[in-house]
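> The primary structure of each chain is shown beneath.
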Amino acid sequence: MIWSPEYETMPRESLEQLQVERLKSLVARVYEKVPFYRNAFKERGVTADSIKSVADIGRLPFTSKQDFRDNYPLGLVATPMEQVCRIHASSGTTGKPVIAPYTANDLRLWTDMMARTLTCAGMGKNDVMQNAYGYGLFTGGLGFHYGGEKVGATVIPSSTGNSKRQLMLIQDLGTTVITCTPSYALILAEAATEIGLDLGLTRLRLGVLGAEPWSEQMRNEIEIKLPIKAVDIYGLTEILGPGVSVECSHRCGLHIFEDNFLPEIINPETGERLPYGQVGELVFTTLTKEAMPVIRFCTKDITSLNAEPCQCGRTLVRMGKVLGRTDDMLIIRGVNVFPSQIESVLLDVEGVEPHYQIIVDRERHLDDLEIWVEVSEAVFSDEMRKMEALQKKVKDEMEGTLGIGARIKLVEPKSLARTEGKAKRVIDRREL
Amino acid sequence: MKIKQVSVFVENQPGRLVAMLQALKDREISIQALSIAEGSDFGIARMILSDVPKAVEALRTAGFTIRETTVLQRDMPDRPGGLLEIIEPLAKAGINVEYFYAFVDPTPGTASIVFKVSDPDRAEQILGA
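Protein chains in written order, with this note's numbering: chain A, 1 to 432; chain B, 1001 to 1129.
If you're looking for bench data, these hints aren't it; they were derived computationally from the structure. Take the hints with a grain of salt, since some may be wrong.
Mimicking BS3-like on lysine-lysine, the simulated pairs with C-alpha atoms at most 27 Å apart in a straight line are [what the hints assert, rightly or not]:
hint	chain 1	residue 1	chain 2	residue 2
1	A	Lys-386	A	Lys-414
2	A	Lys-52	A	Lys-33
3	B	Lys-1025	B	Lys-1004
4	A	Lys-409	A	Lys-393
5	B	Lys-1054	A	Lys-414
6	A	Lys-96	A	Lys-393
7	B	Lys-1004	B	Lys-1054
8	A	Lys-42	A	Lys-24
9	B	Lys-1092	B	Lys-1002
10	A	Lys-395	A	Lys-96
11	A	Lys-386	B	Lys-1002
12	B	Lys-1054	A	Lys-321
13	B	Lys-1004	A	Lys-386
14	B	Lys-1025	A	Lys-414
15	A	Lys-65	A	Lys-96
Extracted from the complex, chain B is given alone in its bound form:
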C-alpha cells in the first residue's frame, strides 16, 4: 500500500541528528521505520512516522528542510527468499527500485519493507497490495 514518508536534510556533523530526533520526541511522534542515505557532507533521513502532519510541522518549526514522499509499504514473510518474491516481479516488469529499507515486524514471522520505485501505481498492481 501507499504511505507517506518524511525525508529530512541533515548535515553530516555531530548534533544534527539529535536535533531532529528531539523535535520528534517533543511532539511525541514515534518513528516506525528509518533509514539514512549518506553523502560526504550531508545525509537524507527517511522516516515512517506515527503522525505525518504533526511531524512535518515539528520538523519545519525546528528549521529542517523536509520533503513528503509517497512510498510503498508491504509486509512479507520473514524467511529466506521473502524479499526476492517482491523484488523479482518488479524487475521483470522493468520497474526500478530507487531505494528501500526493511525491518522486522512486531508480529512474529513477518517483516516489512518500505520502498520507492519508478512507477508506484504499476508496482502496486503487480504486487497486488
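Chain A with its partners taken away, still in its complex shape:
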C-alpha cells in the first residue's frame, strides 16, 4: 500500500516542478526570516529569482553541523517562538545539542511522513506496533508513535530497554511490528532464547529498524533469529527525525520523500553536485518545514541515489544504504557521539589531560563504549579511593554529556598510540 499516492507516485517531471516551486518559496522565506541565510545568499548574490530549475539549488550555500552550533540554540528558527509547539534535540559535536523545533504544521508533516514510512515498510491499520525507540528528546520515540497512530495501528509505547517486559508485551498483546534499532532487535532475540521463548510462536512479522548503521549480514542475522522482515529506515534530527526515507517491500534502496526533502549527492571535497549513481555525500534541503527549514544540509553520510522507477510503483528516488561517514561521528546504541564531545568533557575535569582513546566494541549485540584516559601527575594520587573517585567523576560527566554510559579506564601516560604526532582517537572494533 502507498499512503500518499498523489506524491509518492507522481511522474518525475511533475515532481520536479513541485520541487522548484517549493524551493523558490523556501529561498524567499528564509531570506526574509533567517539572518544566517540572508547573509549567505547575499554573499553569493542569489535570491528566489535565481531558482529556475532543481539544478539551480547548486547556487545556494551549504549548511553544516558547525552552522547549527554557531547558531545555537534557536538562531536558525524561521518562525516566531509562539508558533513553535515542540522541541526535540540530538547530540551536537560538543556539549551542546542540535535543537529541532517544530510548528504545528511541521508536526503534521512529520506524522504524515511517518505514516508514509510505516505504510511503505509494510505496516497497516490492523497491526500492533511496539515502539522500542527511546521516548524523550530523541526524535525516534515520538516520531514513530504518532506515525503509527496515524496509520491506524495499535501503538504500544514500550520505549527502550527492559527486554523481559518487551517480550511479555509481544506475547500478551500480540505485537506484529517491532520498531527499534537493529542491535536492539538482536538483543531481544537473545533475551527470548534465554527465557526459552520461541518468537516464531508470536505474531511478530515486521521490524522497522534504524537510527544506526547496519549491514546486509546483520539483516540476515536478524531475519534468522526473529520471525520478521527487517526494513531499513533513515532520518536525522536536523532535517526531520525519522521519516526522511525508508525501504519498500522490494528493499532495493530507501525511498526519499522528495516532495518535502530534496536530496543531492555532492563531492565532499569540492562541493560539486554529482549525477545519480555516483557515490558521495548526501545533502538535504527541507522544502516545506516551517520552524527550522534547512538549505543544503551536509549530512556527512556517504551513499548514492537511484532515480530508476521501483517495482513498488513509487517514483521517489532511492538512496543506497549509508556506506560510511565523511567525519568522525560514531553512532553508539543509536546515539551520535563525536570524539570532540569526549575531549571537551575531559578538558572540563580539572587536571585530566585530553589524551584519550575511544574503543567501541559490540558485545553480544550491544555497543560498548570504553574511554581510555591517560593519568597525568596532576591527578595521580597514592590513595586508591581518590583514583576511583576520579574515575567515577569522569564517567558521570561523560554520561551527562553523551547521554550513554561509558566505561572509563585509566592508563599510563603515553601508552596510547600516537601516529605522526597525532593520537589515533577511535578504535571501532564493531563488525557491522
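Fit chain B to the supplied structure of chain A, relying on the hints for placement.
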C-alpha cells in the same frame, strides 16, 4: 618519623611491574618497603626507596606517572599486640589511617610500619616519634 614515599601508577598488565623494577635496578636504587594497592585496571605501587630524588628521576625518565608523598614510619616490637599499640591511640584521637604496610626489620625482634594518616603532625605527636 616522617619519610618520603614514592607512588607509581602501574597498569594492570604483564610487564609493567618489570619495567618499573628495571628502571630502579638500572640506577642501583634499592626498595626498602613496597606495597601495591590494586584496582581493576591499574595498581598503585607505593615504595620506600634508598634514594628518592634519583628514583623519581629514573621513574619519570622511564615514562611513569609518580607522586611523592610524606608518610610516617615507625619501628615497633615484633610481638603480639605490637601494631595495636600504635593504631589504638590514633583511633582514640580520631585520626584515620588511609593505608599502611608493615615489614619485619633486619634487627631481630623489631618490625617496621609505614603509614599514611589524615593528620600526620598530630599522629607524630601522639606516637612521640
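> Taking the numbered hints from earlier one at a time, note which ones the structure violates and give those numbers from smallest to largest.
12
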